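If you're matching them up, the sequences are chains A and B in order. The UniProt record's numbering numbers the first residue of the first sequence as 1 and each following residue consecutively. The UniProt record's numbering numbers the first residue of the second sequence as 1 and each following residue consecutively.
Hints are supplied without guarantee of correctness; some may be wrong.
The list treats identical chains as interchangeable, and a pair is accepted whether it falls inside one copy or across any two copies.
Cut-off 27 angstroms, straight-line C-alpha distance, at most; resulting in silico cross-link-like pairs (BS3-like, lysine-lysine) [claimed, not checked]: (1) 32 / 7; (2) 123 / 7; (3) 55 / 162; (4) 7 / 162; (5) 55 / 123; (6) 203 / 32; (7) 55 / 203; (8) 32 / 151; (9) 7 / 151.
In case anyone wonders, no lab produced these hints; they're calculated from the structure. Because the structure is a prediction, the values reported are computed rather than measured.
Number of protein chains: 2
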Amino acid sequence: MRDVFQKELAEIENGLVEISQLVRDAIERAAKAFETSDVALAESVMSDDVQIDMKANALDELAINILARQAPVARDLRVVVSALRISASLERMGDLAAHIAQLARLRFPEQVGPVAVRETILKMGQHDIQIAGRLVELIDTQSDEIAEEIKAADDQIDAFHKSIMDALLAEGLEAQAPQVVDATLASRYHERFADHAVSIAKKIQYLTSGDWLTDEECAQEA
Amino acid sequence: MRDVFQKELAEIENGLVEISQLVRDAIERAAKAFETSDVALAESVMSDDVQIDMKANALDELAINILARQAPVARDLRVVVSALRISASLERMGDLAAHIAQLARLRFPEQVGPVAVRETILKMGQHDIQIAGRLVELIDTQSDEIAEEIKAADDQIDAFHKSIMDALLAEGLEAQAPQVVDATLASRYHERFADHAVSIAKKIQYLTSGDWLTDEECAQEA
Chain A
1 MRDVFQKELA
11 EIENGLVEIS
21 QLVRDAIERA
31 AKAFETSDVA
41 LAESVMSDDV
51 QIDMKANALD
61 ELAINILARQ
71 APVARDLRVV
81 VSALRISASL
91 ERMGDLAAHI
101 AQLARLRFPE
111 QVGPVAVRET
121 ILKMGQHDIQ
131 IAGRLVELID
141 TQSDEIAEEI
151 KAADDQIDAF
161 HKSIMDALLA
171 EGLEAQAPQV
181 VDATLASRYH
191 ERFADHAVSI
201 AKKIQYLTSG
211 DWLTDEECAQ
221 EA
Chain B
1 MRDVFQKELA
11 EIENGLVEIS
21 QLVRDAIERA
31 AKAFETSDVA
41 LAESVMSDDV
51 QIDMKANALD
61 ELAINILARQ
71 APVARDLRVV
81 VSALRISASL
91 ERMGDLAAHI
101 AQLARLRFPE
111 QVGPVAVRET
121 ILKMGQHDIQ
131 IAGRLVELID
141 TQSDEIAEEI
151 KAADDQIDAF
161 HKSIMDALLA
171 EGLEAQAPQV
181 VDATLASRYH
191 ERFADHAVSI
201 AKKIQYLTSG
211 DWLTDEECAQ
221 EA
């Protein structure tokens with residue numbers, strides 16, 4: 001019984017790693033489609049998102065199944081509940097990558113975003129790709145160091161987002177309304193993408209920090 | 001033991017109703033702050049959001065606690081897991097109401113949004129208030145009819161969102177960039193608010209639909 005449970009927990013953790021790899025690929029291809037106005041690539045990101053949704057659903061079903069059959073407690077229970085929440089964030093990150101790809105497709109053959117902020121949006125894309133790559137490692141290793149790195153990278157994304165908003169709100173901006181709409185949405189999508197990564201990092205830190213309690217602290221907690 | 005469990009399940013359901021009432025109040029006040037450029041009201045929506053976050057967290061802790069101590073199965077388990085997901089959506093709806101309020105505050109003393117789409121944004125606000133009101137009833141009664149109403153109301157919200165995007169993307173729009181940014185974000189926030197309501201409606205329908213299985217179907221499922 002215990003072995004089955006450990007095997008199923010490992011299955012959940014592997015499933016999360018796999019979904020996070022799909023999310024990393026999605027944001028990488030979405031950012032490229034955005035940068036190069038590649039409609040075919042954009043469309044593939046949008047249609048492939050269903051894979052992420054399906055895998056997230058399957059993982060949720062497995063987690064609920066484990067809760068029903070194994071009735072885990074303490075840390076095991078938190079691992080399963082956290083997996084449900086992490087899969088929800090990953091699923092949403094996939095949606096956001098698809099939204100970014102969609103901007104490129106809708107604006108084709110024009111480039112997306114006004115010149116004044118386009119470079120910064122592309123930088124946000126590169127940062128989100130890096131964050132997604134670190135997230136795969138984080139879910140795999142549960143390294144506290146990587147979790148902190150992701151939080152710091154999100155601060156940089158927030159700074160980019162603010163600078164784009166400031167540029168769009170500044171007097172005398174040379175831009176047509178559609179470009180302003182695109183830049184606003186792109187910046188917002190990239191910012192939310194990183195927010196979800198931070199939310200996952202915090203959940204994993206919360207889970208792992210339980211292991212660092214000394215015996216004495218454990219006794220006080222009980 | 002069984003009585004304690006039923007009491008705790010009721011506590012969870014009451015907690016969700018209470019949070020949904022706070023969300024309804026938040027979107028009502030946010031839409032009013034947006035319409036009337038009322039900075040004090042906007043700030044109160046933003047600062048009160050912490051109440052929603054805290055209540056959602058407390059409810060999550062209760063749900064996890066129930067999983068640990070009662071190890072519910074079948075429908076009871078799905079109720080508890082669904083409560084975790086519904087509270088996450090409600091918490092996010094509170095955030096979105098605060099974002100809408102923030103737009104009003106940032107733009108004061110100007111009105112938010114270009115004239116061409118302002119009326120439609122205000123309509124979205126009125127629709128989101130209605131949806132939030134129905135959501136309170138839905139969580140309380142789990143009425144399938146109300147769930148369907150919320151889905152239909154979301155179709156209307158999507159149509160408003162599309163018409164605002166079309167207007168912003170149309171040639172010859174008379175609007176400054178900051179107004180375009182505000183309208184894009186406001187429309188997006190209202191649309192996401194309604195999306196979360198639909199997501200909750202679907203979860204509740206999924207939960208309740210289990211009750212409609214005939215005994216024969218239940219036997220086949222087991």
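Evaluation of the provided hints:
1. Taking CA atoms no more than 27 angstroms apart as the test, residue 32 paired with residue 7 passes in neither setting, with 38 angstroms inside one copy and 53 angstroms between copies.
2. For the homomeric pair residue 123 and residue 7, neither the shortest alpha-carbon distance inside one copy (40 angstroms) nor that between copies (52 angstroms) is at most 27 angstroms.
3. In this assembly of identical chains, residue 55 and residue 162 lie within 27 angstroms of each other by CA distance neither inside one copy nor across copies; the values are 34 angstroms within and 30 angstroms between.
4. Taking the shortest alpha-carbon separations for residue 7 and residue 162, neither the intra-copy value of 45 angstroms nor the inter-copy value of 47 angstroms comes in at or below 27 angstroms.
5. Taking identical chains as interchangeable, the C-alpha atoms of residue 55 and residue 123 are never at most 27 angstroms apart, the minima being 29 angstroms within one chain and 37 angstroms between chains.
6. Taking the shortest alpha-carbon separations for residue 203 and residue 32, neither the intra-copy value of 30 angstroms nor the inter-copy value of 35 angstroms comes in at or below 27 angstroms.
7. Both within a single protomer and between protomers do residue 55 and residue 203 lie at most 27 angstroms apart by alpha-carbon distance, with minima of 20 angstroms and 18 angstroms respectively.
8. In the homo-oligomer, the alpha carbons of residue 32 and residue 151 lie at most 27 angstroms apart inside one protomer (24 angstroms), although the nearest pairing across protomers, at 35 angstroms, exceeds that limit.
9. Proximity of residue 7 and residue 151 under a CA criterion of 27 angstroms is satisfied in neither setting, with 31 angstroms inside one chain copy and 40 angstroms between copies.
Taken one by one, the earlier hints fail for this structure at numbers 1, 2, 3, 4, 5, 6, 9, listed in ascending order.
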